[in-house]
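Asker: Residue numbers (our numbering), protein chains in the order written: chain A, 3 to 264; chain B, 3 to 264; chain C, 3 to 264.
Hints were generated in silico from the structure; no laboratory data involved.
Please note: incorrect hints may appear among the correct ones.
[Stated by the list, open to error] Not the full set, but computed from the structure, chain B residues with beta-carbon under 7 Å of chain C:
{"#": "1", "residue": "T28"}
{"#": "2", "residue": "P31"}
{"#": "3", "residue": "R33"}
{"#": "4", "residue": "Q89"}
{"#": "5", "residue": "D94"}
The beta-carbon is built from N, C-alpha and C at its ideal position, and this holds for glycine as well.
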Amino acid sequence: MHSTALVLPRRECKPRACGTTMMIDTGLPTRQFADVVASFAPLIDVVKFGWGTALVTDDIKYKIDALREHDVDYYFGGTLFEIFAAQDAVDDWRRYVDAFGCRTVEISNGTIPMSNTAKAEYVARFTPELRVYSEVGFKDPTQSEHLSPQQWVDYICEDLEAGAYKVITEARESGRSGICRADGTLRTDLIRKIARSGIDMTDLVFEAPTKDLQVAMIREFGANVNLGNVAVADIVGLETLRTGLRGDTLLDFTTPLAVAHA
Amino acid sequence: MHSTALVLPRRECKPRACGTTMMIDTGLPTRQFADVVASFAPLIDVVKFGWGTALVTDDIKYKIDALREHDVDYYFGGTLFEIFAAQDAVDDWRRYVDAFGCRTVEISNGTIPMSNTAKAEYVARFTPELRVYSEVGFKDPTQSEHLSPQQWVDYICEDLEAGAYKVITEARESGRSGICRADGTLRTDLIRKIARSGIDMTDLVFEAPTKDLQVAMIREFGANVNLGNVAVADIVGLETLRTGLRGDTLLDFTTPLAVAHA
Amino acid sequence: MHSTALVLPRRECKPRACGTTMMIDTGLPTRQFADVVASFAPLIDVVKFGWGTALVTDDIKYKIDALREHDVDYYFGGTLFEIFAAQDAVDDWRRYVDAFGCRTVEISNGTIPMSNTAKAEYVARFTPELRVYSEVGFKDPTQSEHLSPQQWVDYICEDLEAGAYKVITEARESGRSGICRADGTLRTDLIRKIARSGIDMTDLVFEAPTKDLQVAMIREFGANVNLGNVAVADIVGLETLRTGLRGDTLLDFTTPLAVAHA
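In isolation and in its complexed conformation, chain A is listed as follows (with noise of 0.2 Å):
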């Protein structure tokens, strides 16, 4: 960041454990990639090769390439991980990780019939050797609306104490399911009832993949909330709305003080 007289929310630098953007990859061009992550590093985490893409490009080791010369981690979306586990092919998904030499993973039930149980017990499975995030949420959005919020604060719970890094709350791609409602809005009530369990928020990475949903994120839990899905076209637009640099956040961060004929 440029230096500049400003007064500004303090961000850390990277690593670190609050304040981390996860960008998805969609599915973008070779070199496009590895020109937002050249331009964009300091500013992301990690990277999430959204559900099966990688299946379907033979490029997914160039692009491996350009994220470790410039720090950030990565890993396959948990959708990958259930393709696997649906066709009893979880030894085969733990080849392909490893083939890529992923150090991270995503372990998820948001589409296949399986129990928090049973993705917890993955989840302590990989966690020795594997840092794993897990996700709680469903895609479906009136199957995610079926779950009251004291189950969310269960199945969070059973994931980190079977080892999750990290637990995603689902909001997919669209933020129409999981932790918002199907038109898009925010689920409120939802996410205070999650933050006030007593979970550390260090803990928690809320999907948020339109800039509508993470001005209310960052409203709520300040600049440094871990946020997840954010769009390749928002990492920049993000980045100034924690720091107050966008006209939706700046007066949260800023107090005019010195407005002459206000």
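Once you've looked at the hints, dock chains B and C against the given chain A.
Answerer: Just chains B and C, lined up with the frame of chain A:
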């Protein structure tokens, strides 16, 4: 595609008659376009230069070079034909497409007043020398809704009899006209009527510019439906939808046989 | 533009006072930005670095190099001025814009509490040395709706009398405030009142971040209206709308004289 133990829907390699993806270029910068083509050529059957975009920049020849190098076909969108036709300059249009070495063209009447018979006569005129995509449906949603399902079928058949290589069903870049309602939802009754009319599915290309439409089409007609107006940003995502590698179609193509504790 | 037999609306070449396009950079990676500028320079009159985006990355000087090489003007969005103003640091803002060799700036009061008179005084203070765009309208939709059409006109005139080069009418990046309603529709009555007030259209720039707004403005004021907050992805599309090369404006600029069988 990477080799794994997963069982996924079968996809033909290019050149193929079904399961084709037509990508629309709405005006990418030159180097980004080349990056997209180099990264995703096996997933893209043909690129459409949207409406008159090619006329306002100077880089179309470089884009065509990139497409030829990677064996991806290309054509100018039907609106370009309509602009020339509206100015009584179809011969100039023919010279224009020849100047860019087009082997493929699109002939449509989505915007200008032109009967289907007149359009079919243009198809017949150019089809001996060029591969002609024709299009049925109007860009104006009200006009499209007034077209009865039987008229859709009749117009498609008239174009195919005139020699059209494939017929495209209009949905615009927004998915808000033609086979879609003004609110973006798919007119399922209409596309079922077309599919059950006896027209060979191989001869049809459905415009499906949004993820919701792509999911609906794949659920309706399977992994190997021909889809058009696919945005650059959706090329990889569409391929994962076709192969059950995204949450939306995962359970359509994979039966979870062996998920413990489910 | 390619030479064809087509009769299209006349466009001036740069530098021009009307028909200008202001592109907003919301945080492109460095090389993609250079690609955009190299590909589309004849279509872009000026680039606005949106709000405080320039402060959170280190590549702004490379972006400015690309702009200078291709003769495209640039400035920092008005929100940057407001952030400094809110912290009583306008002198620092002036040093910041000088450090990047800006000849153009934007002064606004869209977010912070500042009267139009105070804003106009800033315009007057900087206008001898800098080309000053000012902005009228608030980022908050309710606040904007409370501004009467006459107040819009009065504020625009006050800014022009203070020396503003052009006055921008607010619509945000979303097209959901200022001259637009919260649902994204254009306040046609408002812009007509402004246009009929006697203000020279050359002195106005209408923010038009969506295709629907661009179409509405071109239909209302013609091909050569000044438009702002145009997204990178819409630069080519906007030029085709201005010149009748897209379905939406084709029939506004071309009368189909000679379409057989119509």
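Asker: Less than 7 Å between beta-carbons is the criterion; does B/P31 satisfy it with respect to chain C?
Answerer: Interface hint status for B/P31: holds (4 Å vs cutoff 7 Å).
Asker: Quick check on B/Q89 please, does its C-beta sit within 7 Å of some C-beta on chain C?
Answerer: This hint holds: B/Q89 lies near chain C, its Cβ roughly 6 Å from the closest one there, short of 7 Å.
Asker: Under the criterion of a CB-CB separation shorter than 7 Å, is B/D94 in contact with chain C as hinted?
Answerer: Hint holds; B/D94 Cβ to chain C Cβ min 4 Å, cut 7 Å.
Asker: Hint check: is the beta carbon of B/R33 less than 7 Å from a beta carbon of chain C?
Answerer: This interface hint holds because 4 Å falls under the 7 Å limit.
Asker: Closer than 7 Å between Cβ atoms is the bar; does B/T28 clear it against chain C? Give me holds or violated.
Answerer: holds, 6 Å
The structure meets every hint from the earlier list without exception.
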